[in-house]
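Given chain C's structure and the hints, the job is docking chain V onto it.
For the record, the sequence lines run as chains C and V. Here the first sequence stands for residues 1 to 225, numbered as in my numbering. Here the second sequence stands for residues 1001 to 1151, numbered as in my numbering.
Honestly, I wouldn't trust all of these hints.
What the hints assert, rightly or not - Some, not all, of what chain V presents toward chain C, calculated at C-beta under 10 Å:
#: 1; residue: Gly1052
#: 2; residue: Ser1120
#: 3; residue: Leu1125
As the list claims (entries may be wrong) - Here are the computed distance ranges between Cβ atoms for each label pair:
#: 4; chain 1: C; residue 1: Phe124; chain 2: V; residue 2: Thr1113; range: 45 to 51 Å
#: 5; chain 1: V; residue 1: Ala1144; chain 2: C; residue 2: His171; range: 32 to 38 Å
#: 6; chain 1: C; residue 1: Asp75; chain 2: V; residue 2: Thr1094; range: 33 to 39 Å
What the hints assert, rightly or not - Covered, in the sense of this in silico footprint (three residues per stretch, anywhere, with C-beta under 8 Å from a C-beta of chain V), are these stretches of chain C:
#: 7; stretch: 60-68
#: 8; stretch: 90-101
#: 9; stretch: 152-162
#: 10; stretch: 216-225
FYI, nobody ran anything at the bench for these hints, they're computed from the structure. This one's a predicted model, so the numbers in the text were calculated from it and none came from an experiment. By construction, the Cβ of each residue, glycine as well, lies at the ideal position given by its N, Cα and C atoms.
Here is what each chain is made of, one letter per residue.
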Amino acid sequence: MYRKLVAAHANGCCMLLRRNGDGVEFLGTAFLVDGKGYLLTCAHTIQLDMQLAIVPTQPINEWNNMTHERVNTIDVEVAQFDTVHDCALLKLKGDVTANVMPNMFGDPNKSPVGASVLYFGYPFGDKGLHTLKASSSIISSKAINSNRTKHFQLDSMVHDGNSGGPLVDVHTGQIIGMISGKFNPSGNSGGIMIGNYALGSESSISYATSIEYGINLMKEEGLNV
Amino acid sequence: MSEAELIIDISGAEEFIRTEIPSYQRESVLGAFALSKAEQADFDNIGMQLTGERRQMSFISPVGASSTKSQSGFWNNIKKEVHDYFCTQSRKYTQERKRAEITFKEIVTILATAIAAQFSIAYGLIAGAVSVAVLSVCKIGRNAWCETYGK
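For reference, chain C alone in the conformation it holds in the complex (with noise of 0.2 Å):
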């Protein structure tokens, strides 16, 4: 049942890094959305002093390796940053051009709590996974957080590295969301930490924004959508 989505959305998916003197860092995922070579993340994953890059996906049907001891990358630059709504619009450095599904956006309005949908993402990206992993799962709720931000609420558990990813309704094959968050129990209450991870923050419950605003973005930039 996923088989054609997979392969019309997975080749869109780029593992988002930055640069970092001369190696690489691991940030979230992006994905592509205009033949002009823009692409749409989450705002948090990046900051504007960072030098960008990203490393498009492997050819999702093979048996591809999961670590990456070096990668090609492709410098891209911030186009527009929402860090209201958590969206940033990325864009390929140079004159470059991509491949990008026609009528690739849907109406988030339109689709219901319980209807079907997948995510991309590279979750555990910065500890060595660098396979995309597609997954599915559904709409459990509709939620509007304190900043008046639209957010798919799904029933599946997400990790850092998923951030960025698109969210597909199943039904009409398009992208209605981005992956942004999970839900975490303890709030930023603070907790008992070990490094960088928070003893207690994990949960089945996860978020994805409402694509509407990065279409805001690609029109804020002048691009047709």
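Below, chain V without anything else, positioned relative to chain C:
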């Protein structure tokens, strides 16, 4: 430069914000414009939200890689440039400082352009945050702002 010598015309600030700041940042910047009797911490809060260094309290934990969770200090870079312009006699802004009167739009454009060039980013990405920093000088008062900078 004394307080009496520096005249910043902010009469056009609101129009500048409404027309030239990216639409998704306008509400935040207008919030800073509307602040009265505000302290630097209030402007720092808005500025750092615009640069992505501070997020509103929420039960949603972001799932970017852990390396992105460190602070970049970008807002401090913006304030440093604002401090250079308003509080020092550095050569960088000598010509601009000679003007008896300058508009809000002109100051934001000058500073945002300088910072954007320094970090090789687009002007529009930081125009909102720079506007908030300049508003903090206008609202708090230049002398008071310069005196408390970095404290």
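Hints and how they fare:
1. Gly1052: Hint holds; V:Gly1052 Cβ to chain C Cβ min 4 Å, cut 10 Å.
2. Ser1120: OK, holds: V:Ser1120 within 10 Å of chain C, min 8 Å.
3. Leu1125: holds (5 Å)
4. C:Phe124 x V:Thr1113: 45 to 51 Å: violated (40 Å)
5. V:Ala1144 x C:His171: 32 to 38 Å: Violated, since V:Ala1144 and C:His171 (Cβ atoms, about 59 Å apart) do not stay within the stated range.
6. C:Asp75 x V:Thr1094: 33 to 39 Å: Distance hint for C:Asp75, V:Thr1094 holds at roughly 35 Å.
7. 60-68: violated (count 0)
8. 90-101: That given contact is violated, which follows from only 0 residues of the stretch 90-101 of chain C lying within Cβ reach (below 8 Å) of chain V.
9. 152-162: holds (count 5)
10. 216-225: Check passed, 3 qualifying residues.
In the structure shown, a violation is registered for the earlier hints numbered 4, 5, 7, 8, in ascending order.
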